[in-house]
Amino acid sequence: MLDALGDATRRSIFESLKSGPRSVGELAEGLPVSRPAVSQHLRVLKEAGLVSDSRDGTRRLYRIEPDGLLRVRDYFDGFWSEALERFREAARKETG
Amino acid sequence: MSTMTTEAIRKTVMVDFAPAEAFALFTARIASWWPVGSHSYAGEAVQDVVLEPTVGGRLYEVTNDGQQDWGVVLAWEPPHRFVLDWQIGEARGTEVEVRFSAEGPGTRVELEHRGFGSGDPRDRYHTGWDVVLAPFVERGTR
Numbered sequence: 001m002l003d004a005l006g007d008a009t010r011r012s013i014f015e016s017l018k019s020g021p022r023s024v025g026e027l028a029e030g031l032p033v034s035r036p037a038v039s040q041h042l043r044v045l046k047e048a049g050l051v052s053d054s055r056d057g058t059r060r061l062y063r064i065e066p067d068g069l070l071r072v073r074d075y076f077d078g079f080w081s082e083a084l085e086r087f088r089e090a091a092r093k094e095t096g
Numbered sequence: 001m002s003t004m005t006t007e008a009i010r011k012t013v014m015v016d017f018a019p020a021e022a023f024a025l026f027t028a029r030i031a032s033w034w035p036v037g038s039h040s041y042a043g044e045a046v047q048d049v050v051l052e053p054t055v056g057g058r059l060y061e062v063t064n065d066g067q068q069d070w071g072v073v074l075a076w077e078p079p080h081r082f083v084l085d086w087q088i089g090e091a092r093g094t095e096v097e098v099r100f101s102a103e104g105p106g107t108r109v110e111l112e113h114r115g116f117g118s119g120d121p122r123d124r125y126h127t128g129w130d131v132v133l134a135p136f137v138e139r140g141t142r
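From first to last, the protein sequence lines are chains D and A.
Residues in the first sequence are numbered from 1 upward in steps of one, following our numbering.
Residues in the second sequence are numbered from 1 upward in steps of one, following our numbering.
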């Protein structure tokens, strides 16, 4: 999940969606990449829970998933628990 | 969705070290305890994790291929506290503060990871993402 926005093009796509839902075609117009490439990036963002899509007539619209931010927080909540436990273990080993 | 879930993450751990030793283990010997296998860019290929001990210093992982940044030091006050501008993935632009305080013969280590947005869903949408995505937000140290 942590690499979903590590790519500059994906960040651009994500930024574009902040102003409102867009189709793949609309997103591709403002970027120097092909429509299939945009679709691929959207798939990664969707799998990470950062965007969602819905059908609007004949086209599919993508939008930011507001709860994605909460998932990022929850991820780090679990991460810090694990990391600090390992820190405590390392300290215990050093103090013998 | 509860508003509680967007509060800062706070964790506390006690160790049998004096604060100076705890601070040194946490910052100068990160690779000895950081779970790099599951929490890094390169996984098991990570050879070292380095935190440069000064304001403006970088936190980064080291592999055969080079380095990958994790964050930048915003405040550096050994052995009491340090603050990082966290630059990994979706949490880009959040802050991590770690405080060390003597308690009995040991040290209380308190970690706070903040900046995930407010509890208001509209704020989350309109400003929360700005906070998280701002890659190089200019911040002063406190």
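Keep in mind that the hints were calculated from the coordinates and are not lab data.
Please note that a few of the clues may not be correct.
Label-pair restraints from in silico Cβ distances [to be verified]:
{"no.": "1", "chain 1": "D", "residue 1": "15", "chain 2": "A", "residue 2": "52", "range": "26 to 32 Å"}
{"no.": "2", "chain 1": "A", "residue 1": "29", "chain 2": "D", "residue 2": "32", "range": "57 to 63 Å"}
{"no.": "3", "chain 1": "A", "residue 1": "55", "chain 2": "D", "residue 2": "32", "range": "36 to 42 Å"}
{"no.": "4", "chain 1": "A", "residue 1": "68", "chain 2": "D", "residue 2": "75", "range": "23 to 29 Å"}
{"no.": "5", "chain 1": "D", "residue 1": "75", "chain 2": "A", "residue 2": "103", "range": "27 to 33 Å"}
{"no.": "6", "chain 1": "A", "residue 1": "108", "chain 2": "D", "residue 2": "15", "range": "39 to 45 Å"}
{"no.": "7", "chain 1": "A", "residue 1": "77", "chain 2": "D", "residue 2": "59", "range": "41 to 47 Å"}
{"no.": "8", "chain 1": "A", "residue 1": "8", "chain 2": "D", "residue 2": "8", "range": "36 to 42 Å"}
{"no.": "9", "chain 1": "A", "residue 1": "66", "chain 2": "D", "residue 2": "56", "range": "53 to 59 Å"}
Quick look at which bits of chain A chain D covers, simulated, 3 or more residues with Cβ under 8 Å [unchecked claim]:
{"no.": "10", "region": "8–20"}
{"no.": "11", "region": "44–58"}
{"no.": "12", "region": "62–73"}
In silico contact screen, one side only, chain D against chain A (beta carbon under 7 Å); selected entries [stated by the list, open to error]:
{"no.": "13", "residue": "26"}
{"no.": "14", "residue": "33"}
{"no.": "15", "residue": "91"}
{"no.": "16", "residue": "95"}
Here a beta-carbon is modelled for each residue, glycine too, at the ideal position from N, C-alpha and C.
Taking the numbered hints from earlier one at a time, note which ones the structure violates and give those numbers from smallest to largest. Of the numbered hints given earlier, those the structure breaks are 2, 4, 7, 8, 9, 11, 12, 13 and 14, listed in rising order.
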